[in-house]
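Peer 1: For reference, the chains in residue letters:
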Amino acid sequence: MTPEVSDTRAEAPPVVPTWDDVARSHGGFIYSVAYRLTGNHADAQDLVQDVLLRVRRGLRTYQPGNLEGWLARITTNAFLDTTRKKKRRPTVALPDDPDRVLMGSPSADAESASRDLPDHLQRLLGELAPEYRAPVVLKDVLGYSYDEIADHLGVPIGTVRSRIHRGRAKLREALAR
Amino acid sequence: MIDHHEEPWEAEISSLLGAMGSVEPPEGFLDRAVDRRPAAAGRAVGALLFAVVALAAVGVATGLTGTARSISPDFTALETRHRAVDPTSSGVVDDPRGDLPPGVPEGFVLVDRLDDGAWDHEVVARAGGAASVFRQAGTLDVAELGAAGERRTIGSTDVWVTHADVVMFEHEDEVFVVVGLEVDELVEPAPSSVTDRVGGFVGDLTRELGFPS
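Chains as they are written, first to last, in my numbering: chain D, 1 to 177; chain Z, 1 to 213.
Chain D on its own, in the form it takes in the complex (with noise of 0.2 Å):
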């Protein structure tokens, strides 16, 4: 006869972080996706400072998952809400070097290029309307499929498809130039 086989691990029950465990140990992801999306470090540690706001608030109400999916939600939602806000008077904000971006033509060294590369990226991405930047940082910078996407931002997978694609053709576009 077989011995019945159990398996007698008990399943450690989902635990809600502590908000400290979030802004410590999660604090760096919320940072480079505000940074990301804002395209300055003023404005990333502005947007940080809401989201920790929020993520309190949130916790309340939270159900153990994906963690950094719903921090990525949460960011990208801030971000949002705060360019509608600023949106009836529009503000432009200054780079972190501005005497980089004066002195920033193209260089011929092709591995000084490839180095500022991310820096330019960079730039395009934050001359994107928000409402494209925000899918495509989703997207392409932190790997979310089109239906997480479409969930985070409260819209139809054909939206975020489409908005994705413009997004990206206006960055071809733009270094193409």
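Please note: incorrect hints may appear among the correct ones.
What the hints assert, rightly or not - Think about it this way: if two alpha-carbon atoms lie no more than 20 Å apart in a straight line, the pair counts; the simulated DMTMM-like pairs of lysine to aspartate or glutamate are:
(1) D/Lys170 to Z/Asp31
(2) D/Lys170 to Z/Asp120
(3) D/Lys170 to Z/Glu6
(4) D/Lys85 to D/Asp119
(5) D/Lys85 to D/Asp147
(6) D/Lys85 to Z/Asp115
(7) D/Lys170 to Z/Glu7
(8) D/Lys170 to D/Asp119
(9) D/Lys170 to D/Glu127
(10) D/Lys85 to Z/Asp120
(11) D/Lys85 to D/Asp20
These are computed hints drawn from the structure, not numbers from a lab.
Given the coordinates of chain D, assemble chain Z onto it according to the supplied hints.
Peer 2: Same frame as chain D, but now just chain Z:
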């Protein structure tokens, strides 16, 4: 991840973006963010709201302020925020409740109010240019200011002036950072009425508890 519907050039753009990597926050930023943690909200919201409003009224009446967050303003970042304001595009502020922020002299008008994350950002302007007043609930962490400037007074109010003429002061449980105005131009912040203070406190509380303001 490459999607089957994507064209080759899209995959190339996607690949370039995917290779950008993560961005580290400035050293100490997250520690400061954790130190300035938002106050916890109560669970019995309705009862708590009533109780705290009552306490607030008592606190205001008796001058009790409770424990306040200690704030060390990143005045360089706030200067950047100020420089990003284009006063030529400012119109009259939509919200007619807006009086001039404390310390700002007559002759200025409030032209805009922005939500800059943790800071409320008010833009004031006159013919000669614009200034920004940032405000946040808390107390000024004087120790952290270090040698960044010097202590001065406006009337009986202590202010701290950085070498770049950014002026910081406390007024009625809030920290103010003024950019674009020299300290000699500022006037002593006038105390607001008890009604205004209770109203402001309730507004802050309802925002913290998640109610629409």
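Peer 1: All hints, please: hold or fail.
Peer 2: These are the hints, each one checked on the structure:
no.	hint	result
1	D/Lys170 to Z/Asp31	violated, 38 Å
2	D/Lys170 to Z/Asp120	violated, 34 Å
3	D/Lys170 to Z/Glu6	holds, 15 Å
4	D/Lys85 to D/Asp119	violated, 27 Å
5	D/Lys85 to D/Asp147	violated, 27 Å
6	D/Lys85 to Z/Asp115	holds, 8 Å
7	D/Lys170 to Z/Glu7	holds, 14 Å
8	D/Lys170 to D/Asp119	holds, 17 Å
9	D/Lys170 to D/Glu127	holds, 9 Å
10	D/Lys85 to Z/Asp120	holds, 13 Å
11	D/Lys85 to D/Asp20	violated, 29 Å
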